[in-house]
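Protein chains: 2
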Amino acid sequence: MDKRSCPLSEVYGLLEPGPVLLLTTAHKGKSNVMAMSWHTMMEFEPPLVGCVVSGHDFSFAALKATRQCVLNIPTAELKDKVVACGNSSGRSVDKFALVGLTPLPARTVGAPLIAECYASLECRVIDTRLMNRYNFFVLEVQQAWIDPACKNPRTLHHRGRGAFMVAGETIKLPSKMK
Amino acid sequence: MDKRSCPLSEVYGLLEPGPVLLLTTAHKGKSNVMAMSWHTMMEFEPPLVGCVVSGHDFSFAALKATRQCVLNIPTAELKDKVVACGNSSGRSVDKFALVGLTPLPARTVGAPLIAECYASLECRVIDTRLMNRYNFFVLEVQQAWIDPACKNPRTLHHRGRGAFMVAGETIKLPSKMK
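Protein chains in written order, with my numbering: chain A, 1 to 178; chain B, 1 to 178.
FYI, nobody ran anything at the bench for these hints, they're computed from the structure. Relax, there's no trap hidden among the hints.
Which copy is meant is left open, because identical chains are indistinguishable; a pair holds if it fits in one copy or across any two.
Heads up, simulated PhoX-like pairs for lysine-lysine below, C-alpha to C-alpha not over 20 Å straight-line:
| # | residue 1 | residue 2 |
| --- | --- | --- |
| 1 | K79 | K176 |
| 2 | K172 | K79 |
| 3 | K79 | K178 |
| 4 | K64 | K28 |
| 5 | K3 | K151 |
| 6 | K151 | K172 |
| 7 | K64 | K30 |
| 8 | K79 | K151 |
Excised from the complex, chain A in its bound form (with noise of 0.2 Å):
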C-alpha cells in the first residue's frame, strides 16, 4: 500500500472541509461501499466523527452489527467511481467488482481500505444513541492513513443531484483557529 500512518491529530483538517466520502463495511463476508457526504467531527482527539447512514442503505445493517467502519476520502479524480457507488446497491452486486475499486485490509477493522483513494481512517462506533431516531453513529478515529504523495488533494463536495463542487485554490489567512 502506498498510504501511511497519519498523526490522529491531524484527521480533522481531512473531514472538516466536508469532502465525499466512500464508506467501506464488512459483514458476513461480504464488504460493501457507499458514498456519503453527511458527516462532521466532533473532537480533535482522539477524533470523533458524526455521520448518518440511511437505514435504506445496505450498509447500515452492517454498520449496526459490526460496529466497524472505513472512512475513505477519494479526490476528484474518482468522481465517476463516487457516482457509481451512489447509484448502486451493495445488496444486489459486489460494488468493488462493480465499480472497479480496490479493497485492501485494514489493521484495526474488519472493513476493507480503498486502494484508490488518498486517505482512510479506520473507525469504530461509540455511540449510538441518536441511532434509531436520526441513522446517526458516532464513530472514533483508531487509526488514519494517508497517501504522503497526494499533496494537494482536489476533494468532491456534494451539492445534491449529481452536482459537485471540486476543492479549488487554498487560502492561508492569519487565524487562532485550530
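Here the structure of chain A is known, so what remains is to put chain B in place on it, guided by the hints.
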C-alpha cells in the same frame, strides 16, 4: 433585505458541501456570531442539522438557554470577516461591530440574520441528548433565506489553522443520488 424565502427542501444542497458557517445567537439582550465548520445534514425535510458548538464558545450558553440560532453561509468574499469572528470572543466585544457584519431581524427566532451572508437558516434546537457529552446539538431549520442574485456562491471550507479551500468548479454527473 435582498434575500428571499427558500424552500426547505433545498436546504440540504446549501449545507451538504460543508461550507464554513457563521452561527448567530441572541441571549440576554446581546447578539453574538461565531465561525463554525463542524456541522452535518441529518434529514432532508424538515431539514435537520447536527452541529458542535464548543463549551468554550460564548455561543454555547446562548444556544443552550434559548434553543435558537441562525446558520448563515458566507461567500469567499467575506473571508477576512470569517477569520475575524474566529479570532475574537463575544464575551468581551460586540463582534458584529468589531468585524463589520450587519444583524437583521429573523422571522421565527430571536437570533439575527447576517445581511452580508448569501443564505441564512433560522433554526431551533430539537435534541440535546448528545449536548453534554459532545457539545452536539440537533437543529431543525424553520425558515430559510437566500439571495437570488448569488447564482454560483464560492464558499469557504476550513482545512484547519486558517487554511481554507475555496469552492471551485461545479461538475454535474449522471447521479441518482438525492
